[in-house]
Amino acid sequence: MIFDLHSKVPPDQAAKDLVKRLDNLPLALATAGAYLRASKMTFKQYLEEYGNRWNVNPNRPANLVEYHDRTLYTTWNISYARLRESNERAARLLGLLAYFDHQHISGKLLRAGLKHDTPAWIQDILNDFINFDGDMAVLVDYCFIDNLPDTQIWSMHTCIHDWTLASLHVEIDPEQYWYAFSSVGNYVDGLSSDEQRHPSQAPLVAHAEHLKHQRFRQHTETNKLREMHLSAATAIGMFLYVQGRYTQAERMFWWVFKDSQDQKMYLLCTATALQFVGYIHRIWDDLKAAEKTLILALSWTALVQHEDHVKKQLAIESELAKVYQRQHKYDRSEQLRCNSLTAGTKLWGPSHSSSLTAMVNLGSFYASRGKYTEAEKFFLDALDIQRRTHGRKHYSTMETIRQLGQLYRDWDRNKEAKECFREAYEYFVNLEGPNAFSSLQALSFLGTTHRRLKDYNSAEHMLHEAYEGFRALLGFSHIQTQGVAVAIGDLYLDESLLDQAEEWYRKALSNKNESTSSRARYNLSRIYLKQGDLGKAGEACRKALGMGSSIRGRDHPETAKSLKHLARIYQRQGRLDEGKKLLLEVLAVERDCYGPSHEYTIDTVADLGDIHERLGELPDLIALASSWGDSVPRLLNCLGRLLLQKTDEAEALVAFRCQLVLKDDTIVFDDLECALRRCERPLDVESGRAICRQCDATVISVDICFDCLQDHLSGADPVDDCVGHQYFEIVKPAAISGEQITPMTKPEKDYWLQQLAKKYPADGALSQRTTLVTRRTKDAEQMVSKSRILTRIYAHQKVKDGV
Amino acid sequence: MESSCNTVLQAVTVLILSIVANAPREDFHFRGPKGIHLGQAPSIQPELFIGRSAELDEMNRLLHPDDGSDERRVLVLGAMGGFGKTQLAIAYARQPGHRYKSIFWLNATSEATLKDSFRRIANQIFEVQDPKVLEGEQSQIKTCNWFADPRNRDWLLIYDNHDDPKTFRIEDYYPDAQHGSIIVTTRRPDLVIGTEFLVKCLSDLRSSLEVLATRSGRKQVESGKYSS
Numbered sequence: 059m060i061f062d063l064h065s066k067v068p069p070d071q072a073a074k075d076l077v078k079r080l081d082n083l084p085l086a087l088a089t090a091g092a093y094l095r096a097s098k099m100t101f102k103q104y105l106e107e108y109g110n111r112w113n114v115n116p117n118r119p120a121n122l123v124e125y126h127d128r129t130l131y132t133t134w135n136i137s138y139a140r141l142r143e144s145n146e147r148a149a150r151l152l153g154l155l156a157y158f159d160h161q162h163i164s165g166k167l168l169r170a171g172l173k174h175d176t177p178a179w180i181q182d183i184l185n186d187f188i189n190f191d192g193d194m195a196v197l198v199d200y201c202f203i204d205n206l207p208d209t210q211i212w213s214m215h216t217c218i219h220d221w222t223l224a225s226l227h228v229e230i231d232p233e234q235y236w237y238a239f240s241s242v243g244n245y246v247d248g249l250s251s252d253e254q255r256h257p258s259q260a261p262l263v264a265h266a267e268h269l270k271h272q273r274f275r276q277h278t279e280t281n282k283l284r285e286m287h288l289s290a291a292t293a294i295g296m297f298l299y300v301q302g303r304y305t306q307a308e309r310m311f312w313w314v315f316k317d318s319q320d321q322k323m324y325l326l327c328t329a330t331a332l333q334f335v336g337y338i339h340r341i342w343d344d345l346k347a348a349e350k351t352l353i354l355a356l357s358w359t360a361l362v363q364h365e366d367h368v369k370k371q372l373a374i375e376s377e378l379a380k381v382y383q384r385q386h387k388y389d390r391s392e393q394l395r396c397n398s399l400t401a402g403t404k405l406w407g408p409s410h411s412s413s414l415t416a417m418v419n420l421g422s423f424y425a426s427r428g429k430y431t432e433a434e435k436f437f438l439d440a441l442d443i444q445r446r447t448h449g450r451k452h453y454s455t456m457e458t459i460r461q462l463g464q465l466y467r468d469w470d471r472n473k474e475a476k477e478c479f480r481e482a483y484e485y486f487v488n489l490e491g492p493n494a495f496s497s498l499q500a501l502s503f504l505g506t507t508h509r510r511l512k513d514y515n516s517a518e519h520m521l522h523e524a525y526e527g528f529r530a531l532l533g534f535s536h537i538q539t540q541g542v543a544v545a546i547g548d549l550y551l552d553e554s555l556l557d558q559a560e561e562w563y564r565k566a567l568s569n570k571n572e573s574t575s576s577r578a579r580y581n582l583s584r585i586y587l588k589q590g591d592l593g594k595a596g597e598a599c600r601k602a603l604g605m606g607s608s609i610r611g612r613d614h615p616e617t618a619k620s621l622k623h624l625a626r627i628y629q630r631q632g633r634l635d636e637g638k639k640l641l642l643e644v645l646a647v648e649r650d651c652y653g654p655s656h657e658y659t660i661d662t663v664a665d666l667g668d669i670h671e672r673l674g675e676l677p678d679l680i681a682l683a684s685s686w687g688d689s690v691p692r693l694l695n696c697l698g699r700l701l702l703q704k705t706d707e708a709e710a711l712v713a714f715r716c717q718l719v720l721k722d723d724t725i726v727f728d729d730l731e732c733a734l735r736r737c738e739r740p741l742d743v744e745s746g747r748a749i750c751r752q753c754d755a756t757v758i759s760v761d762i763c764f765d766c767l768q769d770h771l772s773g774a775d776p777v778d779d780c781v782g783h784q785y786f787e788i789v790k791p792a793a794i795s796g797e798q799i800t801p802m803t804k805p806e807k808d809y810w811l812q813q814l815a816k817k818y819p820a821d822g823a824l825s826q827r828t829t830l831v832t833r834r835t836k837d838a839e840q841m842v843s844k845s846r847i848l849t850r851i852y853a854h855q856k857v858k859d860g861v
Numbered sequence: 105m106e107s108s109c110n111t112v113l114q115a116v117t118v119l120i121l122s123i124v125a126n127a128p129r130e131d132f133h134f135r136g137p138k139g140i141h142l143g144q145a146p147s148i149q150p151e152l153f154i155g156r157s158a159e160l161d162e163m164n165r166l167l168h169p170d171d172g173s174d175e176r177r178v179l180v181l182g183a184m185g186g187f188g189k190t191q192l193a194i195a196y197a198r199q200p201g202h203r204y205k206s207i208f209w210l211n212a213t214s215e216a217t218l219k220d221s222f223r224r225i226a227n228q229i230f231e232v233q234d235p236k237v238l239e240g241e242q243s244q245i246k247t248c249n250w251f252a253d254p255r256n257r258d259w260l261l262i263y264d265n266h267d268d269p270k271t272f273r274i275e276d277y278y279p280d281a282q283h284g285s286i287i288v289t290t291r292r293p294d295l296v297i298g299t300e301f302l303v304k305c306l307s308d309l310r311s312s313l314e315v316l317a318t319r320s321g322r323k324q325v326e327s328g329k330y331s332s
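If you read the sequences in order, they're chains A and B.
Position in the first sequence (from 1) plus 58 gives the number in this note's numbering.
Position in the second sequence (from 1) plus 104 gives the number in this note's numbering.
It is possible that some hints are incorrect.
[Stated by the list, open to error] Pairs of lysine-lysine residues, derived as BS3-like cross-links and limited to a Cα-Cα distance of at most 30 Å, are as follows: (1) B:K304 / A:K270; (2) B:K205 / B:K304; (3) A:K78 / B:K304; (4) B:K304 / A:K102; (5) A:K74 / B:K304; (6) A:K78 / A:K166.
Just so you know, the hints here were simulated from the structure itself, not pulled from any lab data.
One chain only, chain A, in its complex shape (with noise of 0.2 Å):
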């Protein structure tokens, strides 16, 4: 076998390319092969001289001994005389196909041009249903064109169709060219906007750039749209906009544009043509050209006598505000944002489309903004309108919806999001298909909540789904595919994943979008932290924070992960106070957006709690401690440890007895486990708890029951450098008293921190360290014997053969 299929070079794509064209058909591509033996053309010039003049070189026809002389052209011309001898109305139509696309042929497409001025001979063919039918019968009958079985829907080979084109219009047929192009803009004009939608009508696309094909272009009479056909060219770049095929779309609109600006009459036809421009720049993220367009498009509108040229006004600035709000000029944004609210308000009310659609946009500004609350109304007021007016199945209530539901994903209200997005997407995929643009976002955006459900199974196969739909519809660069990149490498960190997680953020660093690209340094500084390499996750999270604090501001949620992610590099670094000083800034900016009991909040405020123990500042602690502990008990275990290195023992057991809780009928130390590997149980009364005096919490955890004690300390299992440490215990005397040990109430604990912060003073802490070891307030002893403490302390000396 010559071509060995086996080889390690991939076929071609130029050749695949023409395989495709030439849609698999055995003489298109015995031709082609043979013409190729014969010539020094590549398979890409093949194709691009195959696009230029349908039967190439004529002249020169390849030599095929098993078709006799029989080429692309001639075969088909004998059929299509016999045709021509027996039906001459067939042949006509046959004819007249040549200007559809081949494919998905119906007689409603056909018709749909048909007017009292259309050609005689085609009203003829096309007027009466009985002989329409009986002609395309016809025309299957000699195998021309094929019938969908049970449809009254057509099609024809790719390569017999450029036959029809070729070689039955040698010169193009402007009257039949017309006749097509207001079938197919009538057609799609007759559509509702959920059916132009639809991805049914995607074989309508194909028949739109049918009319853009090349010999169309190149005819003088085919290349000009005359008033007459500017609605029509309006109406199909609108139906290729909504089908989301946005290159055609922009092509057939600059059409519009150039031939309707010196026609006085259709001023609303150039303004539509070029806000859609505008729209599709925006779309493909050049903002630039956008913001240009327009601005164009505005003043066009301005001049137009129409009653819509308000609501295209607002259109238009709506749109514009976007763009703005992308390069980052947030008070233009805000400001159009906020006019066309109060302009559509004023002059429809609140419940037209037009305002409705101005208090989402309002709404998503301020969520992009980190303004969550106003965000909130601002689309709640406008979903409850909307499902007044329209009912929930419907495509702006739909949109709403998913804003809202990204909304309560920054928000980290995922639940919530999650409902959002679930019913949003069903709604898109019923509507438009599942490789729509729409049913794309919602699914990544799905994703992303399921994996912060930690449902990280379907968020997996959720999210590359919708990668590949992403970079099949907009390509690999495209902000929204390198955002969904960006998601994937998330879900990846979350399951600890690295090297995975790592090459999802890179793929999202090859872009110059500024948003992504600082998520994703972010993320790979995380990555690089888990690793242990500080030097790079510092790094990293630096330039993320350079990009995110400029494009959204220092103090928006996003920026303030930045930031707490950085002041944990500082943590480990030992750079305690200048992770101190972010915390503060991340902890107002946290409280504000999430509120206290979120758990970024409870994080931030247990980092701080580290740092200040770390740092030694009993007062801050205490204070810390009094306005949080209830949400955090992880600061009374912090203070603890604190106490008990500033050898107040005593206050030290008070704070360790804060922090039991009584869980599942067992009292214990909030969630701490023995930390020896081996053990790993829940450290309560009943095993006891131990805590190293000397080693660093953060670096080495040292909370251990009593049984790993004694192992530890018999040496029978070291951990690290932890040996030959002091250790404090807190035993359940139960065993000696049989009386069981409470927890402290909140008013009993607020008390004693309250005191325990007259004891130190935020100026005078230092010298009181050394006298209180023995010391104990009144308050604190009469606190001690009121709640029946039973718990026994003693330091315990390590002797080296165990105890």
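Starting from the known structure of chain A, fit chain B onto it as the hints suggest.
Chain B alone, transformed into the frame defined by chain A:
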């Protein structure tokens, strides 16, 4: 004189008749299968025929269903020109391990080409001493009778390029028998009686690429390069 002349004439006639009668008689009986004869069929190099294994299996299934019946079946391969009907029929005939003991190809473009094909087939089947015995319609009649012989089973006839069924009835050229297999290739499958099988384009990219590579003689389908 006249009567003697008549007598002589009669004698001569008898003599001639006896000579003719004594001459070796032509034998048109079935004496054994004849193998594959694709005659004037467009010859395609086996390596140029690619893919289509699913179609070949389907054709075999349609011609020889599993119900065990042995009655004659006509398979109509229909498609527009260029889809590879003829090649498919020929590839079917050449399939290794097929069941046929005799296979013949006929050009069914017109009645004239069909008659010509029958003349050639007759010459391949019968070893005649006197070519005149197969003149005119005789070649077709004798050949069809040969195929109709109940002992002559497992034959396949390919009627190729029957693109204009309106001009004549192809059935008139079938052997008058209840056994055997027939394939007709046509652009008007709607006008030919038999089991219709519509030939589609190559079904997979790999086969198509292979056609392109083989035909172009380029070892690897790589752009920018061509090999000898």
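Quick rundown of the hints versus the structure:
1. B:K304 / A:K270: At roughly 29 Å apart (the allowed maximum being 30 Å), A:K270 and B:K304 satisfy the hint.
2. B:K205 / B:K304: holds, 29 Å
3. A:K78 / B:K304: holds, 15 Å
4. B:K304 / A:K102: holds, 26 Å
5. A:K74 / B:K304: Answer holds: A:K74 to B:K304 is near 19 Å, not above 30 Å.
6. A:K78 / A:K166: Given pair A:K78, A:K166 holds - Cα atoms ~28 Å apart, limit 30 Å.
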